[in-house]
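Each chain, written out:
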Amino acid sequence: MNNELEKIPVRNELKVLESGQKRTNPLANVFDGLVKFCQSRSMFMLHYCTGCGAIELPPAMTSRFDMERLGIQPMVTPRQADILLITGYVSIKTLKRIILTYEQMASPKYVIGICSCTVNGGMYWQSYATAKVLRDYLPVDVYIAGCMPRPEAVISGLRELMEDIKSGRAESWKKYYQHYDFYLGNQQKLFGEDWQTPTDIIAEARHYDLMSDQTLGEHTALLEKHQKPLEALEMRLSVKEKQNL
Amino acid sequence: MGELIVELFLMPLVAFVVGLGMVLMYRRIGARIQRRVGPPFLQPIYDIIKLYGKQTQTSHGLIHEIGIIMAVGGYIAAETLLPVPGMNGLADKGGVVTLAYVMMVPMLGLALGVGQCANPNGSIGISRALTAMLAYDIPFILVIFGAAYVYGTTNLAEIIAIQQQQGPAGWGIVQMPFLAFAALLTLQGLMGKHPFEIYIAPAEIATGPMVEMSGKFMGGLFVMQCFQLYTIGVLYTTLFLGGGEYWLTFLPKIFAVVAIPMAIGFVFPRYRTEDVLRLLWKWPVLIALTGLAVALR
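These protein sequences, in sequence, are chains A and B.
Residues 29 to 273 in the numbering used here are what the first sequence lists, from first letter to last.
Residues 850 to 1146 in the numbering used here are what the second sequence lists, from first letter to last.
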């Protein structure tokens, strides 16, 4: 058991592929630096409260620890958020929702796994219904271990993420596009081979020039075989007829 | 002509910078009331740069983008109609009636943009926002009509000149206290902040109109918020607090005007939509009608 645990690094160490483009404008680097600084100082977090760790967030946000002084605010929709906080064990049913939510967020986006359960399953190690290692399904930027971590630990984890963003290390969101086959494969193992999300990751990767040789593979081929084209929702109000009482 | 072009460029820019300060003040007031430290000094600008720096954008179609442009553009147009110390812009040609029209454009633009997103939360939010607009526009128009009647003009530059001739005793707030008080209540609705922010309602309908806005769209709305607070502060100052001769006296006035409704709002819970209508159609309208009766006497 211990050997198994030692094999799992706490920080994600998958290599980020370097994009081959070089900037020719000297001001572009200055501008990129400014944007990165602002990204690190303004983080909107979507706390997807999956487990017990959620209870540590209200004290971190309110008057005792006050995250807003670091520019961290709660946001309620994935469209507006930058950080996806996953605060506790992830059941297989929940993981589907987490993936849908993650894919709807605008990049750059960051995932923080809070509590031991997101690192290795924690006390749910033997559960049949729990997705144990979060980083098999989503690229995780920072893990905050503990059962549960105190608000100080949460804030120090967020500060670490701020440093990573500022220095350009927090680019795991690119990994999701670049290693999509790997993530999709793990997702298919849990959810079945007809698993499909409303967001077309491969098309997005093509559009934003984030393809790598590991984006496509066996699993994406399987996805394309089952993929149903996305259609706009039907815009119609339906009123049920009154039943005779 | 050249001077006018410079003014048309400078007025929205100044409005944006002052508006950033107002957003900061709004968040700091909220933080202090909740016994927190609050965001750092440059937080509003960090937020806006970050939102525009997003690398993937989710657009829901042409109307979505036009809606945001209308929302920001409506307020940029409004700024050129508001006289500030040293700059009159189009205030001579526009007047307060044009301003009242232009101030409705952003909300309608937002309604268009949100409609295209096809998110039910957004539709609920925008229908509540337009209902709230119906609620605060009636006292707002009454106040504007009363003020224009008392001053005998709808020209904002002339209104300022009339008040400044007589010193503080000639300010609108002394001449017509009922209308000024009704306007202060209306401002609270106009700002769309606590306690009249049921159309945003984060925990219930996930920020309503903003639910599908990401990246640059949300950035546009953050910019709009800066303009919105500035417009409200300057309009009230122009009508009732004698405008401003110098920026040094003008800025404290507009910040105070915005700070008062904010400080009151943060300690109140949210009103429901029907309560917003009931409240705003009852008290500000009654007070404004009293003010009108006094003015028409």
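Bear in mind the hints are in silico, worked out from the structure with no lab data behind them.
Take these hints with a grain of salt, some might be off.
[Stated by the list, open to error] Straight-line Cα separation of at most 25 Å, SDA-like style, residue types lysine to any residue; simulated pairs:
| id | chain 1 | residue 1 | chain 2 | residue 2 |
| --- | --- | --- | --- | --- |
| 1 | B | K1065 | A | K217 |
| 2 | B | K1065 | A | F59 |
| 3 | B | K942 | B | F994 |
| 4 | A | K256 | B | V886 |
| 5 | A | K64 | A | P102 |
| 6 | B | K1065 | A | E131 |
| 7 | A | K202 | B | T905 |
| 8 | A | K64 | B | I912 |
| 9 | B | K1065 | A | A181 |
| 10 | B | K1102 | B | G964 |
| 11 | B | K1065 | A | K253 |
| 12 | A | K64 | B | P969 |
| 13 | A | K124 | B | H909 |
| 14 | A | K256 | B | E1053 |
| 15 | B | K1102 | B | P969 |
| 16 | A | K194 | B | T1002 |
| 17 | B | K1102 | B | A1018 |
| 18 | B | K1065 | A | M190 |
| 19 | B | K1065 | A | V63 |
| 20 | B | K1065 | B | K942 |
| 21 | A | K253 | A | T225 |
| 22 | A | K64 | B | T905 |
| 23 | A | K121 | A | K194 |
| 24 | A | K256 | B | K1065 |
| 25 | A | K194 | A | L55 |
| 26 | A | K64 | B | A997 |
| 27 | B | K1065 | A | H254 |
| 28 | A | K64 | B | K1102 |
| 29 | B | K1065 | B | I912 |
| 30 | A | K217 | A | H254 |
| 31 | A | K64 | A | C80 |
| 32 | B | K1065 | A | K121 |
| 33 | A | K121 | B | E1053 |
| 34 | B | K1065 | A | E199 |
| 35 | A | K217 | A | G61 |
| 36 | A | K202 | A | L55 |
| 37 | A | K194 | B | V999 |
| 38 | A | K64 | B | E1053 |
Hints versus structure:
1. B:K1065 to A:K217: Violated, at roughly 36 Å.
2. B:K1065 to A:F59: holds (17 Å)
3. B:K942 to B:F994: holds (18 Å)
4. A:K256 to B:V886: Status violated; Cα separation ~50 Å.
5. A:K64 to A:P102: Satisfied, since the Cα-Cα distance of roughly 20 Å is no more than 25 Å.
6. B:K1065 to A:E131: Holds, at about 18 Å.
7. A:K202 to B:T905: holds (11 Å)
8. A:K64 to B:I912: violated (30 Å)
9. B:K1065 to A:A181: violated (32 Å)
10. B:K1102 to B:G964: violated (37 Å)
11. B:K1065 to A:K253: violated (35 Å)
12. A:K64 to B:P969: Roughly 34 Å between the alpha carbons, so the hint for K64 (chain A) and P969 (chain B) is violated.
13. A:K124 to B:H909: holds (24 Å)
14. A:K256 to B:E1053: Answer violated: K256 (chain A) to E1053 (chain B) is near 32 Å, above 25 Å.
15. B:K1102 to B:P969: Violated, at roughly 40 Å.
16. A:K194 to B:T1002: violated (55 Å)
17. B:K1102 to B:A1018: Roughly 16 Å separates the two Cα atoms, so the pair holds.
18. B:K1065 to A:M190: holds (22 Å)
19. B:K1065 to A:V63: Distance of about 13 Å is within 25 Å: holds.
20. B:K1065 to B:K942: violated (33 Å)
21. A:K253 to A:T225: Holds, because 14 Å separates the two Cα atoms, which is no more than 25 Å.
22. A:K64 to B:T905: Holds: K64 (chain A) and T905 (chain B) sit about 15 Å apart, inside 25 Å.
23. A:K121 to A:K194: Outside the cut-off at roughly 34 Å; violated.
24. A:K256 to B:K1065: violated (30 Å)
25. A:K194 to A:L55: holds (17 Å)
26. A:K64 to B:A997: This hinted pair is violated, its Cα atoms lying about 49 Å apart.
27. B:K1065 to A:H254: violated (34 Å)
28. A:K64 to B:K1102: violated (36 Å)
29. B:K1065 to B:I912: holds (15 Å)
30. A:K217 to A:H254: holds (15 Å)
31. A:K64 to A:C80: It is violated: about 32 Å lies between the C-alpha atoms, which goes past 25 Å.
32. B:K1065 to A:K121: Violated, because 32 Å separates the two Cα atoms, which is more than 25 Å.
33. A:K121 to B:E1053: Given pair K121 (chain A), E1053 (chain B) holds - Cα atoms ~23 Å apart, limit 25 Å.
34. B:K1065 to A:E199: holds (20 Å)
35. A:K217 to A:G61: Violated, at roughly 40 Å.
36. A:K202 to A:L55: holds (24 Å)
37. A:K194 to B:V999: Violated: K194 (chain A) and V999 (chain B) sit about 57 Å apart, past 25 Å.
38. A:K64 to B:E1053: violated (32 Å)
Violated hints, listed in ascending order, are 1, 4, 8, 9, 10, 11, 12, 14, 15, 16, 20, 23, 24, 26, 27, 28, 31, 32, 35, 37, 38; each of the other numbered hints is respected by the structure.
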